[in-house]
Amino acid sequence: MATEPLLTARGLVKRYGRVTALDQADFDLYPGEILAVIGDNGAGKSSLIKAISGAITPDEGEIRLEGKVVNFKAPMEARDAGIETVYQNLALSPALSIADNMFLGREIRKPGIMGNWFRMLDRGAMEKRAREKLTELGLMTIQNISQAVETLSGGQRQGVAVARAAAFGSKVVIMDEPTAALGVKESRRVLELILDVKRRGLPIVLISHNMPHVFEVADRIHIHRLGRRLTVIDPKEYTMSDAVAFMTGAKAPPEAAIAA
Amino acid sequence: MTDASADARRPQEFEKVLSASDTSVASFDTHARSPIEKIQHFLHSNPAAVPLIVLVASIALFGVIIGGKFFSAFSMTLILQQVAITGIIGAAQTLVILTAGIDLSVGAIMVLSSVVMGQFTFRYGLPPSLAVLCGFAVGAFCGWINGVLVSYMKLPPFIVTLGTWQIVLATNFLYSANETIRAQDIETQAPILQFFGANFRLGNAVFTYGVVAMVLLVAVLWYILNHTAWGRHVYAIGDDPEAAQLSGVRVNRVLISVYVISGLICALGGWMLIGRIGSVSPTAGQFANIESITAVVIGGISLFGGRGSILGMLFGALIVGVFQLGLRLIGTDPQWTYLLIGTLIIIAVAIDQWIRKVAG
Ligand SMILES: Nc1ncnc2c1ncn2[C@@H]1O[C@H](COP(=O)(O)OP(=O)(O)OP(=O)(O)O)[C@@H](O)[C@H]1O
Ligand SMILES: [Mg+2]
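Read top to bottom, the protein sequences are chains A and B.
Residue numbering for the first sequence is 1 to 260, as defined by the UniProt record's numbering.
Residue numbering for the second sequence is 1 to 360, as defined by the UniProt record's numbering.
The following block holds chain A by itself, in its conformation from the complex (with noise of 0.2 Å):
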């Protein structure tokens, strides 16, 4: 590919005690594509995209953004630098509210004396560009956007999550399983918004074990083993049993693909 990876790492090694669940992984992300990244349960997935996202800090390797290294601590680093994540478990406060919970960590305030003396949270903007983003975004219709999450199925849940992330996220979204909790058609709507996201010209992100939708929406295919970069695949010249083969180590990789 011609063009620079906007998001690029290298040589990532995250240890748990004994758990080695990043080993030396590497990692590269270009504009305006959907990436997949597939592999078995515990292949280092989720750790990946953690350590991506300010989350975990790795033990070592290196992150670039737009070829600068970076060094986030916290998830509020990287969201700020414009990388926002849909977690596997989700992220949200089941007591707050939906709108709440999409400003969490970036509450707008009331304008003038309230909101700069008083630090008065603005309840009405926020609740009203929260219903914007999720009616825009077409994923559901929303009566009661001061309900509590709590309140939602799992599914509608995992709907705010990813309305959140595809609201804010300025550079990159990242989304760790997020049609896992999803019924068929709201998966579709997902993938939808997924290929909503890619058309604004942000690159993706996507975590799945879904070969279907992987290989429908997917640009180029990450394969995961034993917390490292096997290869990278492009869906069109292979087929979802050659991933699944690749993946659990079925069969070799190509050479060359890795370059792809």
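Keep in mind that the hints are not guaranteed to be accurate.
To be verified - With a straight-line Cα cutoff of 30 Å, these simulated BS3-like cross-link-like pairs (lysine-lysine) come out:
(1) A:185 with B:357
(2) A:171 with A:110
(3) A:236 with A:251
(4) B:154 with A:73
(5) A:128 with A:110
(6) A:128 with B:38
(7) A:73 with A:198
(8) A:128 with B:357
(9) A:185 with A:171
(10) A:171 with A:236
(11) A:68 with A:171
(12) A:171 with A:128
Simulated from the structure, these hints should not be mistaken for lab results.
Following the hints, put chain B with the ligands in place on chain A, whose structure we already have.
Showing chain B with the ligands alone in chain A's frame:
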């Protein structure tokens, strides 16, 4: 599966029927709710409603049984005076419990702060107002230690504060040498220490400045918890600290600030304690931690964190006060008060569990 890749770029076969599907995607349930479900939802979004109802009902009940002697401006404001310190310490406890913690050291911090305010004035001859500031500094420092141990060291709050409770209390006895500063000395040499004990009258109603301070404090904290980002973060941390961290809350920083503010509020309680008992006594306020937890629990604030309103805590403290005064006026054995309070605690926790089922 060889032709899978050719098909893969299109929606799968079974998804084609989706075009004909119902388009009202994932809309929120609008099905008619049964009255019980409605109550459950109302209580879920208004956590202070139950204690408020219990408070009004118990005032009405004692009013009917005892009559004018209980149901008077004087008695009502007497209850306020008696629960002022529990309300203040309960406010500190509320902040900690909302983060899914618990603070057993609140009473000890309160007493140590009051002793520092007294001893710094009388032993070292500091201006009383400066000694009061020192008391606040000591309270904040104790809270900061709790906060650091809970946030950065990741120790369970129960254990941390069980330890600091003993440490602070022992420090209090060692430092004060078990010595009480007499009320008359304070009155003549450092009246500002008794400031919160001073009262004013509105008709038959008697208010101390301590009562006013307690009500103001609860009102200010209510505003902060519900209308500022920091307040929302406190709830988010109590709900699920990991989720809060991932969605951009600086969890450790907020936790430390919660414990420091709790320590400061305890110091305010210590100052009010001097006003209430007149003297500075290292043995005062022994049960403040249990009383504050009682107020919080009866007030419908969940010990699991993230749920409840600080107004509920105030109602909880008042319920205890109403029972104490009411049963005293009736002339029963004071043990009946504890028996009823104990029952209320268990009922309150049962209701909390029931309300939480809304999530299911
Ligand atoms: N917080 C942690 N503490 C200890 N070990 C961990 C932790 N997080 C991950 N691991 C270990 O790191 C390895 C990689 O985990 P990771 O969650 O990255 O896998 P994954 O590829 O996302 O799996 P899945 O498909 O099941 O989501 C696993 O062996 C796991 O046990
Ligand atoms: Mg994972």
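Checked hints:
Restraint check for residue 185 (chain A) and residue 357 (chain B): the C-alpha separation of about 28 Å stays at or below 30 Å, so the hint holds. Restraint check for residue 171 (chain A) and residue 110 (chain A): satisfied, since their Cα atoms lie roughly 27 Å apart, inside the 30 Å limit. In summary, the hint linking residue 236 (chain A) to residue 251 (chain A) is supported, as the alpha carbons are separated by about 18 Å, within the 30 Å threshold. Between residue 154 (chain B) and residue 73 (chain A), the direct Cα distance comes to roughly 18 Å. Compliance with the 30 Å bound is thereby established for this hinted pair.
The hinted pair formed by residue 128 (chain A) and residue 110 (chain A) meets the criterion: a straight-line CA distance of about 14 Å does not exceed 30 Å. Taken as a hint, the residue 128 (chain A) and residue 38 (chain B) pair is honoured in the structure, with Cα atoms around 26 Å apart against an allowance of 30 Å. Taking the CA atoms of residue 73 (chain A) and residue 198 (chain A), the gap is near 27 Å; set against the 30 Å cutoff, the hint holds. Distance restraint check for residue 128 (chain A) and residue 357 (chain B): the Cα-Cα separation of roughly 29 Å lies within the 30 Å cut-off, and the hinted pair is therefore satisfied.
Taken as a hint, the residue 185 (chain A) and residue 171 (chain A) pair is honoured in the structure, with Cα atoms around 28 Å apart against an allowance of 30 Å. About 26 Å separates the Cα atoms of residue 171 (chain A) and residue 236 (chain A), which keeps this hinted pair within 30 Å; it holds. Restraint check for residue 68 (chain A) and residue 171 (chain A): the C-alpha separation of about 14 Å stays at or below 30 Å, so the hint holds. Of the supplied pair hints, the one linking residue 171 (chain A) and residue 128 (chain A) holds, its CA atoms being roughly 24 Å apart against a limit of 30 Å.
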